[in-house]
Amino acid sequence: MGEETLSKILIGLGAGLTILFCMVPFIYMVATGLSTSADFLQRGNSFSFTIQNYYTILFSESSHFVRYMVNSIVISGIAAMIAVFCAALGAYALTRFDVPWGGAIMLLILAISMFPPVSLVSYLFKFMTWLGWINTYQALILPYVAWTLPLSLWILVSYFKQVPLDMDKAGLIDGASRLQILIKIILPVAAPGVFSTALLAFIFAFNEFLFALMLTTDFTARTIPVGIALFQGLHGQIPWGEIMAAATVTTIPVVVLTLIFQRRIISGLTRGAVKE
Amino acid sequence: MKIKFENLGKHFNGKGGRVHALKNIELEVKDGEFFILLGPSGCGKSTLLNLAAGLEKATEGRILFDDEVVADPKKKIFVPPRQRNVAMVFQNYALYPHMKVFENIAFPLRVAKMEKEKINEAVNNTAALLGIEDLLDRKPGELSGGQRQRVAISRALVRRPRVFLLDEPLSNLDAQLRTSTRAELKELQNELGITTLYVTHDQTEAMTLGDRVALLRNGEVMQVGGPEELYNSPVTPFVATFIGSPSMNLIPAEKKGDQEIEIEGVRFDLTEKQAEDIGKIKSKEVLVGIRPEKISLSPGEQDQENASENGRITLKGELSTVEPLGREILYHVGIECCEVLALSGEMEVKRGEEMYFSFDAEDIHLFDAETMDDQTRKQMQSGLSKENRKKIKKQSAV
Chain A
36 MGEETLSKIL IGLGAGLTIL FCMVPFIYMV ATGLSTSADF LQRGNSFSFT IQNYYTILFS
96 ESSHFVRYMV NSIVISGIAA MIAVFCAALG AYALTRFDVP WGGAIMLLIL AISMFPPVSL
156 VSYLFKFMTW LGWINTYQAL ILPYVAWTLP LSLWILVSYF KQVPLDMDKA GLIDGASRLQ
216 ILIKIILPVA APGVFSTALL AFIFAFNEFL FALMLTTDFT ARTIPVGIAL FQGLHGQIPW
276 GEIMAAATVT TIPVVVLTLI FQRRIISGLT RGAVKE
Chain B
45 MKIKFENLGK HFNGKGGRVH ALKNIELEVK DGEFFILLGP SGCGKSTLLN LAAGLEKATE
105 GRILFDDEVV ADPKKKIFVP PRQRNVAMVF QNYALYPHMK VFENIAFPLR VAKMEKEKIN
165 EAVNNTAALL GIEDLLDRKP GELSGGQRQR VAISRALVRR PRVFLLDEPL SNLDAQLRTS
225 TRAELKELQN ELGITTLYVT HDQTEAMTLG DRVALLRNGE VMQVGGPEEL YNSPVTPFVA
285 TFIGSPSMNL IPAEKKGDQE IEIEGVRFDL TEKQAEDIGK IKSKEVLVGI RPEKISLSPG
345 EQDQENASEN GRITLKGELS TVEPLGREIL YHVGIECCEV LALSGEMEVK RGEEMYFSFD
405 AEDIHLFDAE TMDDQTRKQM QSGLSKENRK KIKKQSAV
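Chains A and B, in that order, give the protein sequences. Count the first sequence with this note's numbering and you get residues 36 to 311, in order. Count the second sequence with this note's numbering and you get residues 45 to 442, in order.
Read the hints as simulated data drawn from the structure, not as lab findings. Treat the numbers as computed from the prediction; the structure is a model and nothing was measured. Keep in mind that a hint or two might mislead.
Below, a list of computed lysine-lysine pairs in the DSS-like style, where the Cα atoms sit at most 25 Å apart [as the list claims (entries may be wrong)]:
(1) Lys120/B x Lys204/A
(2) Lys204/A x Lys317/B
(3) Lys324/B x Lys300/B
(4) Lys157/B x Lys219/A
(5) Lys196/A x Lys144/B
(6) Lys119/B x Lys144/B
(7) Lys144/B x Lys160/B
(8) Lys120/B x Lys157/B
Chain A side only, calculated, beta carbon under 7 Å to chain B, not exhaustive [to be verified]:
(9) Val59
(10) Pro60
(11) Asp133
(12) Pro135
(13) Leu200
(14) Leu207
(15) Leu214
(16) Pro227
Cβ atoms here follow ideal geometry from the backbone N, Cα and C, with glycine treated the same way.
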C-alpha cells in the first residue's frame, strides 16, 4: 500500500468519524421521534416505528406546536431582516466614511454584545411590562434585533470592506444617492455576506431561549425552544418522543433557508467588478 | 464646457499630520479640449480629478464650470457630483458586477428616472458607438479587459455629460490594446467634442492624446502647454526628465561669462536665445539638458582639441551598458559626472570601451542647477554604473 493511498484512507476515516460524531445526536433525535418508546437503545427494548409523535405535535390542539413554529419564523425572520438592514447602514458608514474613532466604536459594540443576556432579562421584563408588550411579537423582536446587531455589523463590515470604494464613486458620479448606492450596488455585490449574516441572525433568534421564556406567557407569542421545553405529558412525565419529533421538525426551516440561499452564499459574486 | 481651477488647494489630515495633496492649482481647461493631467504617482493628479468630479471637497480656492461655481469652500459652495453632470471612467473600470452590461450602461439613466424607451434607445446608441452591441446580455465577469473598458466608457457617455473624466483608463490593458484604444479614445473625443480631463502617469499617453498637458509634481503644477511645448521647451529639470523616453540627459556645467559654458573641460559658445536664458540664471552652476536622440556616438580615438568646433560639442566617455530597443539601441556612456544616454544605430563596441559622443550646441537646454530637486538628482545619480560611481567617489576623495 503506497503512502498516498494510506493518507487518503486516513483522511477519509478522520472525516467519516468527525461527521459521525456530529451527526449522532441528530440521528438519535430523529430515531427517538420515530420510535414508540424513547428507551429503544436499552437492552431488552427494540425499536418500533411510528409517526404518532409527529401526528400529535402537528395536529393535537393542546400542543400548539404549529403556532410556536409560526411565531418563531415570524419573530426570527423580522428580527433578522431589521438587524441586517440596520447593520448594513452602520457597516456602510464605518467602511465608507471617515468615522472618527471607527475602530473604537466597533470594539465597543463587540463589548456590548458580550453582556450575558441573563443580566439584562429582569430589567427587560420590567421594561416590556411597562410598555404592555409582554407576550407580544415586538417584545421579542426588539431584543433579538439588539442581540444580533453586533454580530451582523461585524460580519457585514468585513464583507463591505471587500467591495471596492470605486464602486461607490461610480455610483455617485452616475447620480445615485448614498442610500441608493447601498441598496442597488453594495448590498447586491456583497450578497453572499448579506445572506449569510441574515441566516446567522435568523438562527440566533430562532434558537434563543431565555428572553423567549421570560417575555412570553402563552402560545400567542411563545417560540419553539420554549414551547418544546415546556412540553409535558398528562401526569408530569416527559414526552421524549414528541419532544424529539418537534425538535426534528424545528430544524426544517433552517435547513430549507440554507438550501435556498446556498447558491447566494457562495462567494465569488464580485468577479468582474474591478480589474484584479 | 470650460473648467477653471482657481488657486485650488486640498489637504488631508493624515496620521502623520496635515498632508498637502494640492497647492495653488491655477488651470483653465477650454471648451471641448482634451486636457491631460500628467505626473508621477502621488503627485495629486487623481485628487484633482476627484475634486473636479465632486468626489472630494477642496479646502482652498474655487472650481468653475463655465461661469458656475461648483466648489468654493470659503463660501461653503459645493455642488454634489450628480448635479455637476460629469462622467468618469475609473482605472479598474468599477462596473457593477451583479448587473448585465445593458443595466450597467443604463444605470445613470435609471437613477435619473428616464423613460424606459428613451433608456433603451440611449443605451443601444452608445453601445453601437463603442461597438459592444453584442455584449449587452453579458455580465462584467464574462468580459475581457478591453471589453470592460468599453462598457465603462459607454456608461460614462450614455448621459452625454458636460465633462468627461478619465482616471488612468488604459493602465490595466496590455500594450497592444492600449495603443489601439488610445487612438479610438482620441477619435471618440474629437467626434463628441466633450471637454475631457484625463489623468495618466504615462508620458507617451499624454503626448499622443492631449491637446494640452499639465505636468504635476508634489501637488503643484510644474508646466502647462501643448505636448510639443513640454517636450521642446521644458522649464525645469523635472519637466525635462519626465517628458520623453528615454529621458533627457542632464549634465552639470559651469557658466563662463554671458556667452559661454564649460562641460567636462570643454568650452563652447551659446546661441543668442541660450545666452538670454542663461542670463536669467544667477548661480554659476548650470545643468545642460540634451535629448538622447540628439546625440551621435563614435567609437575609437578622436581629436579632443576641436571638441567644440562648428557649434558641435564632443565629449569622451566609457560605454557601460547597451540596451537594444528594437529599432534603435540605447547606449549608456559614463562620463565623470554622470551617465549619458544616447540613441543610435548598431555599432561594434564593447562594454568598457572608450567612446566619443557629440551634439549640436543649439540642441541643448539650460537649467539653473539650484532648481534641480532631490528626486531628479537621485534619478540622475541612479543612472550611473557602479564603476563610475566608484570613480566619482575616488575623484571627490582626491
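Each hint, compared with the structure:
| no. | hint | result |
| --- | --- | --- |
| 1 | Lys120/B x Lys204/A | 22 Å, holds |
| 2 | Lys204/A x Lys317/B | 49 Å, violated |
| 3 | Lys324/B x Lys300/B | 14 Å, holds |
| 4 | Lys157/B x Lys219/A | 14 Å, holds |
| 5 | Lys196/A x Lys144/B | 23 Å, holds |
| 6 | Lys119/B x Lys144/B | 42 Å, violated |
| 7 | Lys144/B x Lys160/B | 16 Å, holds |
| 8 | Lys120/B x Lys157/B | 29 Å, violated |
| 9 | Val59 | 41 Å, violated |
| 10 | Pro60 | 39 Å, violated |
| 11 | Asp133 | 9 Å, violated |
| 12 | Pro135 | 11 Å, violated |
| 13 | Leu200 | 9 Å, violated |
| 14 | Leu207 | 5 Å, holds |
| 15 | Leu214 | 12 Å, violated |
| 16 | Pro227 | 11 Å, violated |
Hint compliance for this structure: hints 2, 6, 8, 9, 10, 11, 12, 13, 15 and 16 are not met, and every other hint is.
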